[in-house]
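J.: Residues per chain are reported as follows:
There are 8 protein chains.
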Amino acid sequence: MNIDEILTRFEMGNLSKEDAVKMLSADGTLEMAYAKLDIGRKKRQGFPEVVYCSGKKDDYLLEIFKKLYELNGEVLGTRASKEQYELLKNELPQIQFDEESSILKIEAPEKKHIGKVVVCTAGTADIPVAKEAAEVAEFMGANVEKLFDVGVSGIHRLFHNLDIFNDASCVIAVAGMEGALASIVAGLVSCPVIAVPTSVGYGASFNGISALLTMLNSCANCIATVNIDNGYGAGVLASQINRQTYEK
Amino acid sequence: MNIDEILTRFEMGNLSKEDAVKMLSADGTLEMAYAKLDIGRKKRQGFPEVVYCSGKKDDYLLEIFKKLYELNGEVLGTRASKEQYELLKNELPQIQFDEESSILKIEAPEKKHIGKVVVCTAGTADIPVAKEAAEVAEFMGANVEKLFDVGVSGIHRLFHNLDIFNDASCVIAVAGMEGALASIVAGLVSCPVIAVPTSVGYGASFNGISALLTMLNSCANCIATVNIDNGYGAGVLASQINRQTYEK
Amino acid sequence: MNIDEILTRFEMGNLSKEDAVKMLSADGTLEMAYAKLDIGRKKRQGFPEVVYCSGKKDDYLLEIFKKLYELNGEVLGTRASKEQYELLKNELPQIQFDEESSILKIEAPEKKHIGKVVVCTAGTADIPVAKEAAEVAEFMGANVEKLFDVGVSGIHRLFHNLDIFNDASCVIAVAGMEGALASIVAGLVSCPVIAVPTSVGYGASFNGISALLTMLNSCANCIATVNIDNGYGAGVLASQINRQTYEK
Amino acid sequence: MNIDEILTRFEMGNLSKEDAVKMLSADGTLEMAYAKLDIGRKKRQGFPEVVYCSGKKDDYLLEIFKKLYELNGEVLGTRASKEQYELLKNELPQIQFDEESSILKIEAPEKKHIGKVVVCTAGTADIPVAKEAAEVAEFMGANVEKLFDVGVSGIHRLFHNLDIFNDASCVIAVAGMEGALASIVAGLVSCPVIAVPTSVGYGASFNGISALLTMLNSCANCIATVNIDNGYGAGVLASQINRQTYEK
Amino acid sequence: MNIDEILTRFEMGNLSKEDAVKMLSADGTLEMAYAKLDIGRKKRQGFPEVVYCSGKKDDYLLEIFKKLYELNGEVLGTRASKEQYELLKNELPQIQFDEESSILKIEAPEKKHIGKVVVCTAGTADIPVAKEAAEVAEFMGANVEKLFDVGVSGIHRLFHNLDIFNDASCVIAVAGMEGALASIVAGLVSCPVIAVPTSVGYGASFNGISALLTMLNSCANCIATVNIDNGYGAGVLASQINRQTYEK
Amino acid sequence: MNIDEILTRFEMGNLSKEDAVKMLSADGTLEMAYAKLDIGRKKRQGFPEVVYCSGKKDDYLLEIFKKLYELNGEVLGTRASKEQYELLKNELPQIQFDEESSILKIEAPEKKHIGKVVVCTAGTADIPVAKEAAEVAEFMGANVEKLFDVGVSGIHRLFHNLDIFNDASCVIAVAGMEGALASIVAGLVSCPVIAVPTSVGYGASFNGISALLTMLNSCANCIATVNIDNGYGAGVLASQINRQTYEK
Amino acid sequence: MNIDEILTRFEMGNLSKEDAVKMLSADGTLEMAYAKLDIGRKKRQGFPEVVYCSGKKDDYLLEIFKKLYELNGEVLGTRASKEQYELLKNELPQIQFDEESSILKIEAPEKKHIGKVVVCTAGTADIPVAKEAAEVAEFMGANVEKLFDVGVSGIHRLFHNLDIFNDASCVIAVAGMEGALASIVAGLVSCPVIAVPTSVGYGASFNGISALLTMLNSCANCIATVNIDNGYGAGVLASQINRQTYEK
Amino acid sequence: MNIDEILTRFEMGNLSKEDAVKMLSADGTLEMAYAKLDIGRKKRQGFPEVVYCSGKKDDYLLEIFKKLYELNGEVLGTRASKEQYELLKNELPQIQFDEESSILKIEAPEKKHIGKVVVCTAGTADIPVAKEAAEVAEFMGANVEKLFDVGVSGIHRLFHNLDIFNDASCVIAVAGMEGALASIVAGLVSCPVIAVPTSVGYGASFNGISALLTMLNSCANCIATVNIDNGYGAGVLASQINRQTYEK
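Chains as they are written, first to last, in this note's numbering: chain S, 1 to 248; chain D, 1001 to 1248; chain Y, 2001 to 2248; chain V, 3001 to 3248; chain X, 4001 to 4248; chain B, 5001 to 5248; chain P, 6001 to 6248; chain E, 7001 to 7248.
Mixed in with the good hints, there may be bad ones.
Result set (PhoX-like, lysine-lysine): computed pairs, CA atoms no more than 20 Å apart in a straight line [as the list claims (entries may be wrong)]:
(1) Lys5057(B) with Lys2082(Y)
(2) Lys3082(V) with Lys1082(D)
(3) Lys7057(E) with Lys3082(V)
(4) Lys43(S) with Lys112(S)
(5) Lys5057(B) with Lys4057(X)
Chain B residues, not near chain X, derived (Cβ > 10 Å throughout) [to be verified]:
(6) Ile5127
(7) Asp5149
(8) Ser5205
The set of hints was computed from the structure by calculation and includes no laboratory data. All residues carry an ideal CB built from backbone N, CA and C; glycine is no exception.
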């Protein structure tokens, strides 16, 4: 399917032959000043490269966004600032920015979404990370449902909403502080649970280490953990599991 | 009441005048070879000194057990080995030993128990620490009820048993690995919860650090934490809260 | 008693029927944008939800304060900024702010206080955390006495004030740096001691880790520890122990 | 399908009505001495409970193995010792033991395997953990292929074997020391990669912390991490992803 | 050769006799206010002292730069700010500043470069540290080639450029996050690899600890590690190895 | 001698009778708003209380400085800011401020200094901490000599200055980064060495942990360590050792 | 005086000329197989080398003991085992062994002791480390007094014994677990306090880290800390301070 | 040269054609049970694979030793036990074992050694690691000189032996505890210094972490660090630097 998309864009004149050749090679690389864009990634792994915006120089960010948009007809950036949004909007006016998740994107029109990924959080402070995960999973083609603020200090809020997990291919559980939500959920559902510790908390939460350890030591099954605050990684992985589950 | 007990023992001839005087002084001390027994503690804090048996020399352990038994008519030891039990049994034949909790004790006859303390565990491997807590709380005069193996990987096991928490003055929640049980319980009950992390687990549980951090970062209310594997400390604290709640 | 309060507020027309029903259910939840207020908590645990203000968006903070005030006739917020106080004061003019403890509150008129909780600190830099604990315990219905700046570098300052602990149901000991105060106090009193490590210190205090470890390893009895700088948690727990001790 | 299996076993007389009822309830529990077997797990999550053998008392281990075998017609234990194998063999002579992975099992006859999970390791010292993962995934119904000793000090060993990843639904990458293998693999394949850090190494490997951090910080996509040496967890998760991918 | 240079500068009148004497003594020291310039270092170790600019007072920085330039006919500073550059430019107009690497230098005219050092990075965010290493190695007399953005998430970018390592006397591998690049390279080349962990990353990268541990635990040969972000140290060491390899 | 000083100040009318009584009692305390000044300390320990200025409120700082000056005829403050200096100067015009060490003081006229304390540093960045130590030791009555910038990268700078240690009663060795200076010095001199780790460094210096561990693990004799950046503590201890050595 | 002792031993024929020459040189070294005995240390630092016995090979240990005894007429070893004692006793029958402190020694007859060093401990488990400190300080020429088992859980045991600190030149405070004793003592006495953390404790004591941090963060004056369990280092330092205080 | 050696062995009939082909390919691999011997390494990197013996199964160890010996005419194993030596001696009677360094080897006859590598240690307890480094460097073709027991508590032992560093191409500095030796040496010599922290020490040495951090934070130039106790890695790297320096 990825090959199909690339060929279609080439056929419609949206893609140069040179770029198409590189994209159709699993190890295609596009040399830029100081960077080597891994444009074979879509062919090799199913998702194009996503731009980690934080700390990128202005001119370089703009160049990458424009090139990736040209190649794929869409582009996604994470950890972007409002200033970066203002910068890019001048040349790419259709670009969209969500301040809470710090996501910057141009999405291909009429994108098809399949399956179901659930993103849940323990508290309201975990929402920025959760929305990053949700935005990424949607961009990668998954239907996403959200269930926020259902942490263990009032666990009935989770139990009243168990229906949401039906038919989910994957759950992303986002929590800081003691991070217990992921274990609870993983004990209740039958699909994989991706645990995302957040840096929410203070004192002995150690910027997310407490939640990270809780999740790694979960005695529930079917759970694995990503880096602290790594909503992006959870979103990509969830959308891949979702795709494998629902695409056929 | 503690003063009352001391006077009764003195009146009945079970206690010498010299010892009684020291015990009735908040800062009474009994000099032994290399040690200074804090025998004013019962007057000052309501509980006599408890013997931490691990690593004590044989002759010294025996001497302390005999003296404390003489003073109080009962004596409690924690972290004892079977060898220490064999040793003490020769001179104190009424002594009792529980291998799972490593508790060694001679309990005063017809001890009155009041109130209710609940001790619950996440898994079966947490039981030795939980039993230490339970034995200590009972020795200090509390009624104790136990609810073991109700961890979050099958949380319905806890929900099916919520009745046990009715009228409890205090809950001791014992858990290793991810340690989430304490938070769940503290979100459900209205009395204080004492969280005891255990060193049960492997890898990133770091011998109880993971569970300790989980408990310290709990977003539930009315919860405080003791040292890893410190069933003893939880038992004493719970029995004190229980006494304050039910004695009047 | 909590049920009583809710019914009285309903009877007096201060509470809608719909809200009263939810509050009288242990698992009552009030759905707000992105948040699920746990309004059954008062029924379930005896204390209403308290607002952690730090980082909350303005409009959301205002909405929650107004709703909780409407439901309970009082409301408490922790870790608030002066800006948040200015914001809320416009719509809730009776709101009070204490800059040192960062507490924001509207307290029900003529609140009854019972029993006695003592809050003591090692140094003057620990006072903000201590005052958070004191304010919370008072709001939850306890009489509170304070003893500040009695740390171990001049331990006579503590010994000259031992009378303050008489009849206390609970002591909150707040200390940073080496955190030894909690152990000293717990060796002197007969009620529970809640130890609160603070992030006061520099170098090898590691933002409170040193004091936290000191407290967890205390060789005194009847002591348990909460998270670094968690005056709030200590205050709630102390007021609950105080209530159990003095309410009957 | 799980319900189907339970009914079939009941119909054939292999399962009592009482047990079948519990197994068909998502929150079915079987009370044993000190333990509460979560026998609703198969219905709820698709896999029956697996026995963590290490540290279990002899009589208790035997009782659980017999009961689980009775209920499910098969049973799996991890981290078992040779002594435990000898013990169980007396009463369950069909039991099998693999010393390298410490797996103890009775497998249902004619089990069907589907899909494909690849388990690869960096070195030969990682094989015990990798085999635990492989045995568990196979027991849970996946076809498993192995690729051992392909770590980054001689990376051509991996590149010569890339074909093995074709059609895999999931890769389990097992590595200690610097743990770089998981990142490399995740950059090459398009399915999810479950990273398992091992405690193999010395000095600054800190019993697996180094490999754990490497994996959590991977800049590749579609990767998540489990606890150090947790081959079991990786095996269950992989078989679930495999089932979702291939079952329909 | 170093002695040769010093004598030449003395002979040409660029160096006072007093300074030349000190420089020709391995333990020559130049006393300045609060500092003791180690000007025997060039004789003793082959490289003159380099100025760590960060945090130096303005007048002191200027004095040191001028003195070292006077002594050696060239001078190098690391971790300099733009403000420091502006300051020094007034009195030393020939000074050059590279903002990305924060290097400030006056280089002797017609410097001879020998051999070959390769500096490679995993990502673009590692470039500032890599450029510091490259600038230093060049200043110390090595030819330097650069290969940036060849990290393991798209490892073909490295494999397409293996030619660059031919004839290198030393490779400097710079990487943050999971830091795997250094191991890969060390498994492919036959010369020493100096691994430089960077503080690039977030969450469990712990400001470079993850990459540092990865590199220390590398199972490849011929690799050693320097401090996090220590491009300077890597550059000096590489140029020394390069000199030993190519000078004779 | 301390008693002598107090009596003299009282006799000369510089001290009220009430204050003199308290100062002559080892447990004298002066109650201020929220603070309890330990004014018996001079009698008890030989040095009056020193003010830790950082973070103190303006009005409170002023009140303490004035009171301590009144009591002792001199006063010392550490970690003061320039703003605090401006504030105090208005009411205490004779106050002196050293910006590098952040020391604020009014020193009694014609103070006698005895003995000899040497303060040495590894680098120039360690000077602020070293000067804090030196200022404190001088204020407490010691002669102080300084030897800065003699770290191990050019160890001849230390060896050329060994004479400075003759007749010293104590050496304070201040070093960040690898902190090796303290060990070297302690292997060369015969008096006590107080090691002060500083937070100077980057990367794996972890804000002084590296230097702290180096010093704690020193294989030299007659060395002990204080907290990171704790020049004050080193200065007090050194002046006490110096006094014991030279006073008789 | 050290020179005096060496000359006397030479004059009496107890020392060869060759050895005397080396001992009278501050940098005298005695080459042995694989070791270089630093026999100038007595001249340079006032104390001869002490043997760290743990892990030394039998023949090597014997050789060193005999040589040091020959040179100094006395010899001291720390961390010795009973087996090592048996071994040495054969050739050096006058050797003495104290099992609790693991000290092995031959002491010069009629050694003069001066001044006073106090060694105190928090608990009985800290005694082995305390006795190592005491034995070393006595061997180095100090009078030593001991005060054991006076920890903060019964602080009156310390207050009843404050007289012991009169005229002490130095206090060694030894404590594990929460380690608060050192701070308390340092707030009460006017001489230097050397704090020795011990590895006594469990759980979050982390083998002495908790006590170490407590001591480093002490808010008392005149205190410095040595490595965990380093009774030896404390003993040497205390005897040096004692010597400086009382020798003149 | 490596190719030369391989061809010579083939020509002389010591090597089969099949094996020679693989060895002459940089990515030659020899498939064994569960392992993939990287036999192209000699061609690719100049050194054949070395066997890490610890934990290897007997039959597997024997097979690998025999095969590597057959291919290369020599073989080296590290971290071997005496039992493994006994095992291998039966079939490879010419094998040699050094118990102190745990090295097991058969060395090619008449091996040529070039250049000079110096291995020095701080104490005698560091010798096992130092000898591992020395043995490996010699096996790889370097002349090695040793300088043991020259740590910083008696630094004159190092200064008396500076001549040993003349003409060295590389110094390996091995130290535990505070690890300062490496910095001192690196400040004195002009060749690269490879720092090897050892796990020698106790308490706050944390099994080598203290020495590791000291070395990483060294303010000397031309130094890089390997893993704790990694004598092997230091030896290989040193011999490579030595070869580059002296081979031409």
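J.: It remains to establish, for every hint, whether it holds in the given structure.
T.: Do the hints match the structure? See the list:
A threshold of 20 Å between alpha carbons decides the hint, and for lysine 5057(B) with lysine 2082(Y) the separation of about 17 Å falls inside it, so the pair holds. Proposed proximity of lysine 3082(V) and lysine 1082(D) is contradicted: the alpha carbons are some 26 Å apart, above 20 Å. For the suggested pair lysine 7057(E) and lysine 3082(V), the alpha carbons sit about 17 Å apart, so the restraint of at most 20 Å is met. A distance of roughly 19 Å separates the Cα atoms of lysine 43(S) and lysine 112(S); the hinted pair therefore holds under the 20 Å criterion.
With a C-alpha separation of about 30 Å, the suggested pair lysine 5057(B) and lysine 4057(X) falls outside the 20 Å cut-off, and the hint is violated. With 10 Å as the threshold on Cβ separation, the claim that isoleucine 5127(B) sits away from chain X is violated: the shortest Cβ distance comes to roughly 6 Å. For aspartate 5149(B), the condition that its CB be more than 10 Å from all CB atoms of chain X is violated, with the nearest at approximately 5 Å. The non-interface label for serine 5205(B) is inconsistent with chain X: the shortest C-beta to C-beta separation is roughly 8 Å, within 10 Å.
Consistency note: the structure conflicts with the earlier hints numbered 2, 5, 6, 7 and 8.
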